[in-house]
Amino acid sequence: MTKKIDQFQKMLLIIIVIYSVFVSVKNPQFLQVQTVFDIVKTSSTTMIVAIGLLVVMISGGIDVSFMAIALFGSYTSLLVMINTGINSLVFAFALSMLIGTCLGLVNALLINWLKLPPFIITLGTQNLFHGIMTTFISDKSFGSGVLPSCLHEFGQGTLFKVATENGSAGLTVSLIPVLLAGIATYFVLRKTMIGRGIVAIGNDEESARRAGFNPFKIRLFVYAYSGALAGMMGIIYAAQVNALYPNKMVGDELMVVAAVVIGGTKITGGQGKIFGAVLGVLIIYLLNSTLILIGLSSSWNNLFVGAILVIAVAVTSYQERVKNRSHLIFTE
Amino acid sequence: GTKTADAGDTTTTTEKAETTEAADTAESTENVSADPADYKVVMIVKQSDSWFDDMATGIDQLKKDTGLNVSVQVPETGDAASQISIMEDLIAQDVDAICVVPNDPNALVPTIQKARDAGIVVVTHEAPGTADSVDLDIEAFVNESFGQLFAENLAKAMDGKGKYAGFVGGLTMETHMAWYEAAVKYLEENYPDMENVATEPYEDGNSVEGAHDKALEVLKAYPDIAGFFDCSAQGGGICEALQENDLAGTVKVVSLALPSMSSTYLKDGSMSHGLCWRPADAGYAACYAAYLIASGQGVETGTDLKATGYDSVELEGNIGYGNAPLEFTADNIDDYNF
Amino acid sequence: MNKIKKMVGKDLDLSILVGLALLVLVTVAGAFGGSMYSGRNIQSMAFQIPEFGFLALAMMLSNMVGGIDLSIIANANTVAIFTAYVLNGTWAFGTEGIARVILALIVAAVTSLIFGAFNGLIIAKTSAPSLIATLGTMTLIQGIGMALTGGSSIGDIDPLFAEFGKSVVLGLPLIFWLFLLVSLILGLILSLTGFGRKLYLYGGNPVAARFSAVNNEKMSILVFMATGFLAGMAGLIILSRVNSAKVGYGDSYLLQTMIVCVIGGISPNGGKGKVQGVVIAIIMMQVMSSAFTIMSLSPYTKKLIWGIMLVLVLGLNHVIAAYSQKRTLKQSMKNLQSAQ
Amino acid sequence: MEPILCARNISKSFIGVRALNNIDITINAGEIHCLAGENGCGKSTLVKCISGVYTPDHGEVEISGEKYKNLTPIEAMNKGIQVIYQDLSLFQHMTVAENIAISKLKFEGNKTINWKKIKSIAKEQLNKIGVKMNLDETVGEISMANRQMVAICRALAQDAKILFMDEPTTALTKTEVDHLMKIMLELKKKGLAIVFISHKLDEVFTVADTITIFRNGDKIGDFNSKDLDEKSLSYHMTGREIEYPRYHRTCKDNSPILEIDHLTRKGQYEDISMTIRPGDIIGLTGLLGSGRTELAMSLFGLNPTQSGSIRINGKETSIASPMAAKKQGIALLPEDRFNQGLFIERKIKENISSALIDTICKKGLIRKAEEDTIAQKYVNELKVRTPSIETVVGTLSGGNQQKVVIGKWTATAPKVFIMDTPTVGIDIGSKSEIYEQIHKFADGGMAIIFISDEIQEIMANCNRVIVLANGKCIREFDENELGQDGADKIITDLIGSQSAEEVTP
Ligand SMILES: Nc1ncnc2c1ncn2[C@@H]1O[C@H](COP(=O)(O)OP(=O)(O)OP(=O)(O)O)[C@@H](O)[C@H]1O
Ligand SMILES: Nc1ncnc2c1ncn2[C@@H]1O[C@H](COP(=O)(O)OP(=O)(O)OP(=O)(O)O)[C@@H](O)[C@H]1O
Ligand SMILES: [Mg+2]
Ligand SMILES: [Mg+2]
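Chains as they are written, first to last, in our numbering: chain A, 100 to 431; chain B, 15 to 352; chain C, 137 to 476; chain D, 963 to 1467.
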């Protein structure tokens, strides 16, 4: 925590730079503000859930239900708004985050009660939440016409715009919630006792208990927090795509997990940095949003993305392994 | 394939007795019932979304209209594997007819074969390529001409010149690919001033988000792009991307479209044309055709499948073409509510 | 009766699972009567089990060493694509008939083993967490299939091979017998052989395994090769059932295999679990799935039931384990007291 | 002396064992109270019952006049009870400073974190015990000795009234232990009550005022430490006379079995040479971080060497992996028993056979009967206290777990057995059993490299000793030199002088 940028993040930055240079050489169009703006916008939703997931993973857990939570929260609150005619962004966020928090609490309770790996539990609740929502709430899709108008305004909103060759590009307002989530999380993790408790139970739950932390309460907080962030992400997602589907998002969890892990978060918990997670998400989005620029035809997309992903994973993991081995730490 | 009635419904014996009598008087020789209530027809759709929700309403309507014992099976995901497994279960349950909108027609062929070997009538929709293996394939139109419709509308919107890009849901989606190829071919032949920016379509992964992200990237890679067409119903995502870049209306979009999901884009001008066929009607027609075949009445050119656009099907081999393409513009979109 | 008691005491989780499976079977029978267990329906279920079953076994193996293999479906499809190219003559190298089928089988075995070995190598040599390593290889292997086919399905395969997916032996599909056979062999390997023992040890504590002169790199590579091989078998079965191969077939199986493994008693932390458990879980899931079809449940309701099922099984395991532990404790205290 | 803690009638059972049986104990302020007893006699369990980690089946704890039936860890800490657990309970990825300060801040009820305050607390505590450390390093990066200091500082930071120390010296070398003892005596003077657990009797006698002896979950009695000597103490603990007979090499075969020549791995050890014959027990001692473990790992193929050569039976070989080491007949008993030695969730027999799998296999199949026989044999020989070989290893006490790991490697009948601190946390009774075994192995022609900090143990078991410091061999003793009176003193001083040098710069 002392060094601002650690070895690992340096590695990721190098990978990003090398790749960016490669893309710029293939297509100079890459070098423009719009690229940055686009990546910020397209990755903003993932950033938020990645930050939530990061907190969970630092606490030594994992959550694969956050997309189901995001969907549950946003779908339900927007449905309420459609049916009641409420047209307030604040309401949307508040209700969705509230629902997210509650579902997160359910995760925490189950994990605490069943004392089983969180991966399994949240795999179950992912199905459970999605099933409950679609069975008991609704399973209809809603197009842009019916959605509250504040949503579209938010999704399209920009902080400022710059002119481009054929129009204009704006920096999305979605950046604000991302920054808020990032700063809040940094504050929680770094400056609050509960945050240190999260790190502590991630290091060793028994030791944390002996140091006076209550792992159960911390876990409640962690999953509720990630649930709230998921709820927030759900609204932003709906605003950006300007439509409401009962079956979107769910299924993309593992990519986010991968992003967070590539960002240097220990799968075993206790260690992880927000900046790392952000870099991890960036790498994945950078990759996926430059395929057209480098002129790759669609049928080669996966091969290319997969190869780069494997290389990135191998390189970063191998570095870590060499470092550990030289300290006689066998991580396997 | 014809089928005897006794294998059908077992619950309504008294009714059956009556209908058998009626059938006897009507056809006098064969012991075949024409009462729809005696036939169990199941429609397997691709997945749960607005499109197939609408198809389900059509099928409900059919049930109401005719009393046909028809139901819908919705797989958990848009995956051929789930469709196959549902179909296997249905074969074992001995239904009279199965209608299916295959995710991957080729993958379904052996199971279809198995169903037909078991005496079950199989009707497909959106699978002209495998029509040889089924009793009937119902198409809302000829895929080539629907693709040309995309091209025609795009060309009209773009004034016949400029760069364009084509999207499909995925390279694995057969009908999307057929439309894409027909559209591109048509544009190449008829509009020499229009240029496709890529040799292959871009994949939007059947998601608005995917369409949005890909559109942003295309805009960057080809700043002079003037039009998009999307063979999956995700044109809204492209419109969103255009709106963000203040290009809505400047860059034209033609897309497969559901009225409920794209009316705003048509009205605000960011989408110039929406193309569609009514899923409810297609489902209605397919199931009704399945019943006709199962009950021995058969389907031939000119048969009325009782759904809008299918009142006089054109039979070509095993494919029954309706005439049901829908074209949406800002002016007529309010006439549709699915 | 005593025998049952002994068995329950020996392997609680498995016994709970067996009990639950019986409950499901009986409930389903009660609800649908004969139609559920008609010969036809059993045969139909037996046709559906193998392709998913092999994938679940593959997932199980990777779970047992504390890993996860997300690339199994991609692997199965790409192997199927390779095999289909051989079987439809594109890569037949002039072979015909049975020779071509044999060549295809060899190609399938080799490619699946290569994919598996690739996973194993990355994981063994760079210590990458298998979750992200296989996420990468999943995309990569899928990419190979995509680049080869451009997304279209590869059909026209040798009818000789297609027979294999359809044939029925002793009332049950050949592929189902194959699945049972492979499960049996796998179960025996795990419980009786040195390799199986090493796998449990390695899964339980890889560091201690290294210090016990277990060749960890080799273990990891072998396990992932076996995983790949099982996925490849699934690919062959898919090919024989649908007569064509295509990228993306069965993508929805991935999460389901994980759920089946958990219900089957495999600990994702490694070192725990038995093949029997997974096989029972697979069969149970199939029975439920068929029942769902008969009931025309909406996909969302199915999802809900899977979720409840998972939480229920886990909760039951937990409660019963806690209860039995309490009882053993009481018992042992009684013993101690009477000894004094 | 005022009693600040009384525990009455404490009983606690686990599945199959009664760990504590009606134990009464009184702890006084300003006193060092030692708990002594064999492995698995219930010392740690008692500590956990008193500090609220376990709820005892019967009995109550009275702290400063207040009675508790269900004490929670939080209540215990609020009452000034601090425990330094056998596993230290530190946070690997957190810094030294935070590890020291975090529980104090937590108990003060702080909701936010003040990093400056954390550092100042840590500095203050480290000063108190006179240790210098880099506050910003993570605990994962520092040595075991320093971790021990961190754990002590953490306990002290919270104004402990009673400090429980469960085998705090297991990972420390002599000098560090001496330092720790000094600190303990200081703390005692300040009025702190300390409960100290150690299997090293010299340590016990150095600090103890009162000694409570346990045997099999029963309390034998409270003794004033002046009334006991090592002999009577060990008699009370084990119920029999314990002696450590000195080892004399009897093996006639003088051809070297393992020769190491100028072995070097920069930064870990340098220029190490030795020749080992069958029947040799070579003691390897030195300060913590002197490179012993690193050398051991290199000989076991886990830590590649950079230069120098290794010859086995006169033939030059390279040992690239544990598999190669095993093939050459080299075995390693690792330092970190829990992570490197044991499969904690598996049965005793599976642990014992874990290095033997290929041997007990016939055509790839495990011969279960043979496995049972072997496991039973070593359980008996090493006197592992367990109901059966089917017991899961995780439920054994620390000492018995160690015996299982020793059993696992002796079962492979190695030619060279490297034992890295093999008797850490093992009671004197078992120790003598283990020594006896080791002597028997050596008599049978096995060569043993015995890494240890306990000079006594080295003197009793080794016929040659090598002293390492900073990765270099600083002195070698042969059988004659060891035999002379005062050899142990020379070794102790050698190590001591090294540490003095280390501290000064
Ligand atoms: N969590 C547990 N579950 C089951 N049995 C346990 C548990 N903890 C301790 N025991 C048993 O209780 C007895 C006392 O163990 P304890 O750890 O208190 O011994 P100890 O005196 O500290 O031994 P050592 O000197 O080896 O540390 C042992 O027989 C041990 O096997
Ligand atoms: N003060 C220290 N700061 C950082 N790393 C250290 C320090 N002391 C030792 N290490 C490292 O920690 C690891 C373990 O060292 P360790 O102290 O176990 O060595 P050792 O020679 O085996 O001593 P011992 O057997 O007495 O524990 C080694 O990689 C060593 O380089
Ligand atoms: Mg102890
Ligand atoms: Mg050491």
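Simulated from the structure, these hints should not be mistaken for lab results.
Think of the CB as a built atom: it goes at the ideal place given N, C-alpha and C, for glycine as much as any other residue.
Hints may be right or wrong, so weigh each one.
Stated by the list, open to error - With a Cα cut of at most 27 Å, we get these calculated DSS-like pairs of lysine-lysine: (1) C:K408 / D:K1330; (2) A:K290 / D:K1289; (3) A:K214 / D:K1277; (4) D:K1123 / D:K1144; (5) D:K1123 / D:K1081; (6) D:K1029 / C:K354; (7) D:K1188 / D:K1214; (8) D:K1325 / C:K354; (9) D:K1150 / A:K290; (10) D:K1150 / D:K1085; (11) B:K281 / A:K260; (12) D:K1228 / A:K290; (13) B:K177 / A:K125; (14) D:K1073 / A:K422; (15) A:K214 / C:K302; (16) C:K354 / D:K1377; (17) A:K239 / B:K78.
Unchecked claim - A few chain C residues that don't get close to chain D, going by computed Cβ distances all over 10 Å: (18) V237; (19) L328; (20) V350.
Tested hints:
With a C-alpha separation of about 19 Å, the suggested pairing of K408 of chain C with K1330 of chain D holds against the 27 Å cut-off. The suggested pairing of K290 of chain A with K1289 of chain D is violated, with an alpha-carbon distance near 54 Å, which exceeds 27 Å. Straight-line distance between C-alpha atoms of K214 of chain A and K1277 of chain D comes to about 54 Å, which puts the hinted pair past the 27 Å bound. Restraint check for K1123 of chain D and K1144 of chain D: the C-alpha separation of about 18 Å stays at or below 27 Å, so the hint holds.
Between K1123 of chain D and K1081 of chain D the alpha-carbon distance is near 23 Å, which keeps this suggested pair within the 27 Å criterion. Taken as a hint, the K1029 of chain D and K354 of chain C pair is broken in the structure, with Cα atoms around 58 Å apart against an allowance of 27 Å. Taken as a hint, the K1188 of chain D and K1214 of chain D pair is broken in the structure, with Cα atoms around 46 Å apart against an allowance of 27 Å. Proposed proximity of K1325 of chain D and K354 of chain C is supported: the alpha carbons are some 19 Å apart, at most 27 Å.
A distance of roughly 36 Å separates the Cα atoms of K1150 of chain D and K290 of chain A; the hinted pair therefore is violated under the 27 Å criterion. Among the hinted pairs, K1150 of chain D with K1085 of chain D is consistent with the structure: their alpha-carbon atoms are about 21 Å apart, no more than 27 Å. A threshold of 27 Å between alpha carbons decides the hint, and for K281 of chain B with K260 of chain A the separation of about 25 Å falls inside it, so the pair holds. Straight-line distance between C-alpha atoms of K1228 of chain D and K290 of chain A comes to about 41 Å, which puts the hinted pair past the 27 Å bound.
Between the alpha carbons of K177 of chain B and K125 of chain A the distance comes to roughly 20 Å, so the proposed pair stays at or under 27 Å and holds. With a CA separation close to 36 Å, the supplied pair K1073 of chain D and K422 of chain A exceeds the 27 Å bound. Pair hint K214 of chain A plus K302 of chain C does not hold up; C-alpha atoms about 45 Å apart against a cutoff of 27 Å. Note on K354 of chain C and K1377 of chain D: the hinted pairing holds, with a Cα-Cα distance of about 26 Å set against a maximum of 27 Å.
Distance restraint check for K239 of chain A and K78 of chain B: the Cα-Cα separation of roughly 22 Å lies within the 27 Å cut-off, and the hinted pair is therefore satisfied. Every beta carbon of chain D lies more than 10 Å from that of V237 of chain C, the smallest distance being close to 30 Å; the non-interface claim holds. The claim that L328 of chain C is not at the interface with chain D is violated, since a C-beta of that chain comes within 10 Å of its own (minimum 5 Å). The claim that V350 of chain C is not at the interface with chain D is violated, since a C-beta of that chain comes within 10 Å of its own (minimum 8 Å).
Comparing the model with each earlier hint shows violations of hints 2, 3, 6, 7, 9, 12, 14, 15, 19 and 20; every other hint is respected.
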